[in-house]
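Enquirer: Residue numbers (this note's numbering), protein chains in the order written: chain P, 233 to 495; chain Y, 307 to 578.
Since the hints were derived computationally from the structure, they do not count as laboratory data.
Keep in mind the model is a prediction, meaning the values are calculated, not measured.
Among these hints, one or two may not hold up.
Claimed, not checked - DEER-style ranges, computed between Cβ atoms:
#1 414(Y) x 350(P): 19 to 27 angstroms
#2 468(Y) x 433(P): 25 to 33 angstroms
#3 339(Y) x 376(P): 16 to 24 angstroms
#4 552(Y) x 356(P): 44 to 52 angstroms
#5 253(P) x 468(Y): 17 to 25 angstroms
#6 490(P) x 486(Y): 38 to 46 angstroms
#7 554(Y) x 365(P): 42 to 50 angstroms
#8 254(P) x 408(Y): 19 to 27 angstroms
To be verified - Far from chain P, some chain Y residues (derived; all Cβ distances over 12 angstroms):
#9 332
#10 354
#11 386
#12 393
#13 417
#14 474
#15 475
#16 497
The beta carbon of each residue, even a glycine, is placed where N, CA and C say it ideally should be.
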Amino acid sequence: MADEMGTLGLRASGVGKRFLSKGGDVQALEGVELEVAQGGFTSVIGPSGCGKSTLLKAFSDLLEPSTGELSVNGKSPAEARAAREFGVVFQSPNLLPWRTVLRNVTLPLQVMGVDRPTRIQTAHEMLELVGLASFIRHHPWQLSGGMQQRVAIARALSTNPSVLLMDEPFGALDEITRDRLNLELMRIWGTLSATILFITHSITEAVFLSSQVAVMSSRPGRITRLIEVDLPYPRNSQTRDMPEFYELVIEVRRALVEASDAT
Amino acid sequence: MTSTEAVGSKDTGPRVDWANLPLGVVLIPTLFFVVLLTIWELAVKLGDVHVLMLPAPSVIWIKFIEDFDILVDLALNTGIESAKGVLLGSVIAIMLAGLVHGIRWLNQGLLAYSSTVKALPVVALYPVMTVFFGVTSKAVVAMVCVGVAPIMFTFASRGFSGTSEHDDLMRSISAGWLTRMTALVLPRALPYVMAGLRTAVPLAIIIAIISEYFGGSVSTLGAYIRRESTMLHTVQVWSAIVMACLLGVLVFVAVSLLDRYFLRWHASRQEA
């Protein structure tokens with residue numbers, strides 16, 4: 233399954249997904265082509281219901297595509313999942329409310345059969361990384377939405393995956409919290425060098441974070457344009473003040489409008 | 307920490323809501339109780355009602371204190387029988403619900419059966435139980451078990467049937483069956499199991515006392531009430547009723563405390 237020119241972090245070729253339903257079938261994805269280099273950060277942006285989450289679910293082996301092929305580090309999604317190649321961050325924090333922050337973060341390690349001291353050690357490091365080391369004994373309900381999502385990121389990182397699949401993780405947060413978490417994510421990504429696929433419907437978020445923005449149209453969901461973001465890394469709060477940043481935001485917005493006009 | 311998402315209505319109006327103040331919660335029922343007892347006492351005294359018909363509260367109270375040790379013993383036995391029945395019925399029902407969840411037709415079939423048993427006056431089964439177990443404590447336990455199991459099955463099966471994004475999480479981390487059960491499915495069903503217990507436990511006490519009344523072990527509340535009533539010891543019967551009430555309240559408090567402990571993470575139990 234290895235790609236010809238070295239191994240890509242993520243690859244989709246000719247991916248289609250048709251959902252069968254009573255009110256007529258829905259073609260959620262059609263002919264999706266996407267390549268993300270190892271260590272790259274790609275955002276997928278599109279209107280609600282365009283199938284961008286479906287694409288992420290296909291990469292994370294939560295659903296089967298109807299047509300086409302996907303690979304994660306050169307493996308099929310199922311193989312990659314079994315090999316713990318990727319971690320998933322969901323739309324909601326998706327923490328288990330009956331478990332403390334610490335035990336939420338150790339869950340993937342527990343599944344892997346890692347011994348308890350190592351589990352706790354790793355969870356501590358991950359929570360340190362997301363700045364929540366002092367909240368290990370708290371329960372999820374005692375944390376704000378932004379903090380909960382940071383715990384979810386720590387959990388996804390606990391198995392040290394080389395790929396992170398993030399499904400609109402900051403979509404439910406207010407803009408100030410979102411901006412702060414974007415900065416956090418940049419800092420974390422800088423220390424990890426993981427491949428990230430990031431689903432969002434925020435243009436500024438997509439431009440700020442990514443090295444590549446994939447613009448999707450809806451019904452059928454397909455990638456209509458790939459925009460390279462050549463803003464320098466590491467990105468920080470000054471990045472948002474750069475004129476190039478605004479030019480790229482405008483470019484992505486135009487591409488989104490074109491994508492919706494085409495249908 | 308925010309209370310905006312907390313479940314349950316709260317009076318946020320400027321008006322002071324006496325009925326919901328801690329003092330009001332205790333004070334109003336207590337006042338009610340005192341007034342009721344006073345009327346009862348006066349009615350018996352002034353109306354010259356015979357003690358065999360309806361003893362005055364003061365008379366019942368004196369007897370209750372006098373026989374307290376005996377009554378505690380009886381209540382303890384009744385409580386143990388009920389507890390055994392609840393435990394047995396719950397374990398069977400929860401295990402069954404856990405096993406058939408996912409097998410739709412079997413689950414539906416058992417739910418229908420549960421509804422039928424719930425509609426049945428369980429006491430009618432007592433003669434059948436005595437055929438199996440004789441007039442023993444075991445028959446009482448079996449009765450409680452039969453009464454509790456369908457309730458617990460209905461609640462547990464509802465708890466197991468729930469799905470959430472957590473299922474995706476479990477799949478994404480390749481969790482095995484055992485982890486999925488212990489880390490997700492069982493805790494997710496726990497609020498339903500606790501709700502089931504809040505319904506089933508008071509019912510269990512009732513079933514136990516009625517079953518004891520028809521027969522069963524000698525030193526229990528139900529058997530005591532029957533024996534004393536045949537001897538026209540009305541005061542003794544009433545003092546046993548008081549003890550039965552106390553047992554019911556105690557058990558209710560116990561379940562509430564368990565609920566609060568096990569579901570302290572649950573949204574509806576958050577402190578505002």
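Enquirer: State for each hint whether it applies.
Expert: The hints, checked one at a time:
1. 414(Y) x 350(P): 19 to 27 angstroms: Taking Cβ atoms as reference, residue 414(Y) and residue 350(P) lie about 45 angstroms apart, which means the hint is violated.
2. 468(Y) x 433(P): 25 to 33 angstroms: holds (29 angstroms)
3. 339(Y) x 376(P): 16 to 24 angstroms: Given range 16 to 24 angstroms: violated, Cβ gap about 45 angstroms.
4. 552(Y) x 356(P): 44 to 52 angstroms: holds (50 angstroms)
5. 253(P) x 468(Y): 17 to 25 angstroms: Since residue 253(P) and residue 468(Y) have Cβ atoms about 23 angstroms apart, the given range 17 to 25 angstroms holds.
6. 490(P) x 486(Y): 38 to 46 angstroms: holds (45 angstroms)
7. 554(Y) x 365(P): 42 to 50 angstroms: holds (48 angstroms)
8. 254(P) x 408(Y): 19 to 27 angstroms: Holds - the Cβ-Cβ distance for residue 254(P) and residue 408(Y), about 23 angstroms, lies within 19 to 27 angstroms.
9. 332: The claim holds: residue 332(Y) sits with its nearest Cβ about 29 angstroms from chain P, beyond 12 angstroms.
10. 354: Non-interface label stands for residue 354(Y): nearest chain P Cβ at 61 angstroms, farther than 12 angstroms.
11. 386: Non-interface label on residue 386(Y) holds, nearest chain P Cβ at 30 angstroms vs cutoff 12 angstroms.
12. 393: Its Cβ never comes within 12 angstroms of chain P, the nearest being 22 angstroms, so this holds.
13. 417: Holds, because the least Cβ-Cβ distance between residue 417(Y) and chain P comes to about 26 angstroms, which exceeds 12 angstroms.
14. 474: For residue 474(Y), whose nearest Cβ neighbour in chain P is about 5 angstroms away, the distance does not exceed 12 angstroms, so it is violated.
15. 475: Label violated. Min Cβ-Cβ 5 angstroms, cutoff 12 angstroms.
16. 497: Non-interface label fails for residue 497(Y): nearest chain P Cβ at 10 angstroms, not farther than 12 angstroms.
In the structure shown, a violation is registered for the earlier hints numbered 1, 3, 14, 15, 16, in ascending order.
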